[in-house]
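A.B. asks: In my numbering, the protein residues as written are 26 to 438.
Since the hints were made in silico from the structure, they are not lab data. As the structure is a computational prediction, the values presented were derived from the model and not from experiment. Mixed in with the good hints there might be a few duds.
Below, computed lysine-lysine pairings styled on DSSO-like, alpha-carbon distance capped at 27 Å [unchecked claim]:
#1 K139 x K200
#2 K225 x K183
#3 K40 x K135
#4 K125 x K233
#5 K55 x K152
#6 K115 x K65
#7 K40 x K183
#8 K135 x K152
#9 K139 x K233
#10 K152 x K115
#11 K319 x K125
#12 K35 x K115
#13 K249 x K422
#14 K295 x K233
#15 K381 x K422
#16 K125 x K152
#17 K135 x K225
#18 K294 x K125
#19 K176 x K152
Simulated DEER-style distance windows between Cβ atoms [to be verified]:
#20 H81 x R285: 36 to 46 Å
#21 D426 x I45: 51 to 61 Å
#22 L362 x I45: 55 to 65 Å
#23 L362 x I62: 39 to 49 Å
#24 V226 x H358: 26 to 36 Å
#25 K35 x A423: 56 to 66 Å
#26 I359 x K55: 55 to 65 Å
#27 E76 x K40: 26 to 36 Å
#28 I45 x K135: 28 to 38 Å
Heads up, the beta-carbon is just placed ideally off N, CA and C, and yes, glycines get one too.
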Amino acid sequence: MTQQYPFQIKDHGDKVIEMIVGDVIGPEHKVAEALRILLKKFDFVILSLKENASLHPSFTDTMAELSAAGKLLVVAHEDDQIQVDLHQAKRFTELQAAQKRVDGERNIAKILEKIPTLPLVQSSANKLLTMLRNPAVTFEDIEEVTSKDPKLVMRMLKIANSAHFMRRMPYENLKSVVTFLGLDGIREIIVQETFEGLAKVFANQREKLAHMRRCAHLASYIGKLIGADMNMMSRINSAGLLHDIGALALCFYDSQEYARATMLVRNDKKTVCEAELEVFGIDHQELGTLLARKLAMPDYLGPAMARHHDRTVPFDNHLIISVMIANGYLNQHIEGLPFTPYEQYLPVFAEERKMKNVTRAITGKSAQGAPRVSKIASEKEKSGEIFKVPELYDVLKAELDQFILTGTEALGM
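Whole structure, please, built from the sequences with the hints as guidance.
C.D. replies: In structure tokens, the structure reads:
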């Protein structure tokens with residue numbers, strides 16, 4: 026007599042198998058042992074729950090074990106079918122979405138495999154970024170690396186003496202940079218150096234690189250408008266510079282497929298993330314987050330890469346919101362692309378600017394403490410609020426025009 030199993034198996038080919046279950050699944054259910062076997066034999070296993078099936082709370086520890094390798098995907102139409110922590114497993118409401126994710130996982134693996142071979146990853150700059158993740162690092166540790174790479178030191182000093190970091194007297198050596206900007210300042214300089222390294226790798230993507238430089242400049246300017254300090258403005262600048270590295274990598278990985286995603290955006294009015302998911306099974310936000318870890322980027326950059334199209338970013342996260350506004354403005358008014366709405370955050374920034382102005386007036390620091398802004402920004406503030414539509418568009422357009430006209434954009438600063 027043939028043994029009956031409480032599930033069905035469907036082989037989708039290419040080492041992907043689906044298990045279809047109609048029961049409540051606990052740790053003693055035969056599904057658990059069957060999944061252990063399948064996960065050893067196949068690249069990916071899709072666990073599809075029928076209408077009456079569910080994962081019982083007692084299955085939580087077993088799920089942690091089964092999902093550890095990142096090869097398990099769960100399909101459940103209703104939220105109440107999932108009564109456990111899925112840990113590393115990903116949940117989908119439709120089988121097709123899970124299958125597309127399999128494609129995405131494979132694309133991620135292929136892209137990340139290429140990262141260690143890039144000259145950038147083997148550079149002194151990347152070694153410094155890795156070192157700077159250690160809170161105990163000292164200037165002497167940094168000097169040991171930079172002493173062997175004088176060209177890197179020259180590039181770092183060039184960045185330190187750019188308009189973004191510049192003080193009245195130029196920096197002549199890294200010691201003076203550390204004295205004035207601290208190790209955090211060195212970290213931001215190395216992040217910018219990393220962007221320039223990426224720009225060489227992805228040199229054929231001129232439009233995207235220009236977008237990232239413009240986004241960094243406008244996001245920093247928005248930070249200036251709300252009175253962000255130098256440390257925060259440096260972080261905003263870095264987040265703007267690198268927010269789209271996932272898009273650079275996707276296009277580099279398969280330019281023809283990325284062109285297809287771009288056509289979906291322009292012709293079908295899909296968002297860029299929707300189009301990327303349809304074509305690659307992943308979007309540039311997720312890939313950018315993974316690349317940030319791979320490149321030893323500072324932790325604060327991960328959320329900026331992961332959420333600059335996210336409408337649920339907390340109102341107090343000024344870094345991501347500054348990037349969202351700059352990115353959205355460029356998409357909407359300069360590039361003619363679908364954009365992530367950002368108007369909901371403008372009143373928060375208007376209030377932040379108002380509070381900073383009041384504080385400066387009370388402390389008597391209005392003359393020296395206020396950030397210098399463009400003439401048009403000052404005029405807009407006299408007639409109303411800078412952070413209102415359409416006033417903000419005029420302010421950002423004037424700042425962007427100045428950035429382009431002065432040639433700063435071409436210099437990569």
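A.B. asks: Sort out which numbered hints this structure fails and list those numbers smallest first.
C.D. replies: 1, 5, 7, 10, 16, 22
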